[in-house]
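K.L.:
Position chains B and C against the provided structure of chain A, taking the given hints into account.
Chains as they are written, first to last, in our numbering: chain A, 3 to 297; chain B, 41 to 353; chain C, 468 to 891.
Where hints are given, some of them may not hold.
What the hints assert, rightly or not - The calculated lysine to any residue pairs, modelled on SDA-like cross-linking and capped at a C-alpha distance of 20 Å, are: (1) C/LYS529 to C/VAL543; (2) A/LYS121 to B/VAL347; (3) C/LYS857 to C/ASN672; (4) A/LYS123 to B/LEU76; (5) A/LYS24 to B/ARG156.
Quick caveat, the hints were computed from the structure, so don't treat them as lab data.
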Amino acid sequence: MEVTPVKTAASVKAKKPRSLKKGRRLEKGFTYFLLIALSILFLFPFLWLIGTSVKPENEAMAFPPTLLPKNWDLANYKEVFTLVDFGQYYLNSVIVTVCVVIGTVVSSTLVAYGFARIKGKGRNFWFVLLLGTMMLPPQVTMIPVYMIFSKLGWVNTFLPLIVPSFFGSAYFIFLLRQFFKTIPKELEESAYLDGCGAFGIFWRIIIPLSVPSIITVALLSFMWTWNDFLNPLIYLNDDSKYTLALGILQFKGALLIQWGPMMAASVFIILPLIIIFFVGQKYFVQGIATTGGKG
Amino acid sequence: MKEAGYIAVNDFIKWKVTQMNKSRTLLFYLFILPWLIGFVVFTAGPMVYSLYMSFTDYSGLGAANWVGLENYKKLFTEDPLFWQSLWNTFFYTIVGVPLGLVVGYMLAVLLNTKVRFMGLFRTIFYLPSLVPTVASSLLWILIFQPDFGIANSILSFFHLPTSNWLLSEGMVKPTLIIMSLWGAGGGMVIYLAGLQSVPASLYEAAELDGAGKFHKFWNITIPMTSNVIFFNLIMGLIGSFQIFTQAYVVSSGNGGPNYKSLFYVFYLYQDAFKFFKMGYASALAWILFIIILVFTLIQFKVFGKKVYYEYDE
Amino acid sequence: MRKKKGLGGLLFTIVLALSLILTGCSGSDSESASGESGDVTLRILVWNNNPEGTKLEGDIFKEFEKENPGIKVKQVYAPYDKFNDKFLTMSAGGDQPDLVWLQPSAFGQFVSKGVLMDLSDKEIKEDEYMPNVLSLGQVDGKQYALIRDASAFMLGYNKDMFDAAGVEYPKDDWTWADFLAAAQKLTVEKNGKTVQFGMENFYTNELLVENGGGFVSQDGKEVIIDSPESIEAIKFGADLINKYHVQPTTAQSQGLSNMFLAGQAAMKMMGPWDWSDTAKNATFKWDVVPLPAGKAGNVAAASYLPIGIGSGTKHPEEAYKLLQFLSTGKGQDLQVDTISAVPVVKRNEDKIETMANAPENAKALSTILAEGRTVMNAPYIPEYAEIVSKIQPVIDNINLNGSKDAEKQLKEVADQIRKEFGLK
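So here's chain A without its partners, still in its complex pose:
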């Protein structure tokens, strides 16, 4: 193959005329404008949440509703800890969520690899079945699933919440499969020539190249488990085992809702999610993907 002089991006850029630069700046300005405008839109409900959490009870119900309180009152935040065992709920949520994320990531990556890159007999059949498990509304399988866990004696423990995650989650398996299929075959072939078996390829090629998608799975899995109240509701009977999402429901009584403490509790619940997301989204930036040469 001939070696042709390559026009580097740098050399091309250096030749750009001024009008193009101005266009770029306009573009950047517009992008900022859009970002800020949309941010306000998206931030608004969260601000309202915080605003309500620092309002005293009677102002929370004022008409018309106000965004910022006239009288700041942190009583709601204190109440959250005195009315319910919030600290315990936090601990429980952390335990359950971390375990679920580990289980989900480990099992889903393995299974997704099988579906994505190993052509076995019957693969399509099982893939359709995999998707099929997501198509039946869970409301009608809630009771039989409960019966299974009841027979195992796992009711009122964290086991029904955690163990299933170690068997893969259909949603994430499907997602990871989509990502795993974008990794070129050439990489696999060179690894194969180096003596790697299927698992070696999985561990040394696929996983390192899939960091953004795996981080995504971890993040989403964390969010969902953290906010899930239905499973804790059904399987946990002791107050000392409650997770945050379930604990906060206690502020929604049969006849009246305690908005103040509920919003304050919500702020506490969302805070770690925000931090984790902010940290995690950095890892979406993957380095320039090496494609192993186009030759």
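P.N.:
Chains B and C only, in chain A's frame:
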């Protein structure tokens, strides 16, 4: 002599390939074993159980008596709410899913640009999907309050017609769709990961060839993220057909006004846990299952081939 | 070689994680008798109005434990609107609680499916109860639950607003006409917008009861939503909104959970459970009065809490002891002061007035209960919840669009229900 050699080699290759395929199959099952076990233990049984329930008059308590196709018959012939809820769900899905796809994708593209504080912006855009439904629903009710809500205030400021939003039979579903767009963060994150996985070298090569913004977007970005677009399409469909929590909360549990926000799974949930008709609800569930399955298979047939995978085996 | 190492590392991680979980989460107490030998643990499934309520209920249970050494009580909580989900899964999973709070709308179903224990042959202290209370826990003449508290809605009114409008305070025996007159004087408009409504929301159920109507007859056999009394009541309610404008439309009141407290409505339906909240947050003088009389007099729909025993309980004797304690025993004496729950026993009649935060005219409630002027208007037929859910949209429609076609619409839905559920 040469031919004999070829035949022998061909046979050998065929045999080798069959061997390889056998071991491939074994490997495949080995890797999906975790899911397979989970499926058999936790999922298959309950699914079959609920199918059985759909042929009984099970109320959730006590005995379940066989009634054959009675539930299904009632569904189709005597239950106007079945059709109403099905229509509600269809409308929501057919309008909401494409809209959600486009909006989510656009947001992700916006958040993929090299701008300062991008991390902050991304977090802010994702924030709405973190707010608990109970809290956000009240906020929406206040925003769409016909009398003093912001929505109507802004509209009347610009002399545009106002609406009763959640209380209007015609507008309640579109309003719910608008509410769902605000929570587009979930899909957006997946698009982001997909966008980040597009090799920068492709863009650079295109730039060298003089490609403009739109050209790059249409011919590189979209095809290279078709894997996640397809994912969000399928999952959007499956999820949208089962929507109900938001509607349940803003309509205070009655699916109003006049059943116009009664979504299918909402109706199912009501029958199962409020009216103690678990058998009937199971029949509803399986009808939905078939509908979703058919739609998904159609999507695979229509769009499946258009998705670009590097590894297409 | 490399392959095995990677695989090994992965397997190790999995095993480690699994063992961590299994050890860390072995908090699975056996749900039956545990710990100290001979101790019986009763589980009672409850919802609560707020977390404070949960704690206070716990205090009552502690008293019971003191009186009954060897029996422990454990509260299991489920939110009110997901209560059935929890109870159904527990029952189906063979994990039924020993006692359970009952939502009247589900009571009929539970009984017909045999989930509750028949208490008819147990020792029931009939004379201790105020009139009409015991029957609230009966289905087809058999006793399936005992009542813990029973009260009714009354009308709360803003005294300051009445003074400002020059309207006399309502009397205990006032009528719909009196009510309407007062509401009209108390509705204030400014710049074309109503800034003060006479009435926040007159519940349909109460309107029906006050006029002698209802959804389904008390014996559960007839649909009566299209009786002349019912139609009159529903028309009255719709007119309050659309003709007299003393009550906000759904659009006007959407999202506002307490117009009364916020000073936007002069009157509202109030139960004793609202008293402490109102006392704490109201910036005006207020009091209560029995609901105005329709054709049936100053009556109100009974609002109560039945508690039943699960038919699958392993400790029927102990469970009944707890039930007695709560329904006629010491629990009745404690509950007034702790959770402000209205007692059902005659001997505590007067305690209502001394309840914390009771308004001046709290005595009127005692009188209503003592005279048995509460009406149980939700018969315990299994389909009741479904029937109401089918009629409600029609009523909502009438409230929205005015009462002109009310008669026709109600007759239509009534015939539909008759056909679908085989009623008269």
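K.L.:
Which numbered hints turn out to be false for this structure?
P.N.:
When the structure is compared with the hints, none of them turns out to be violated.
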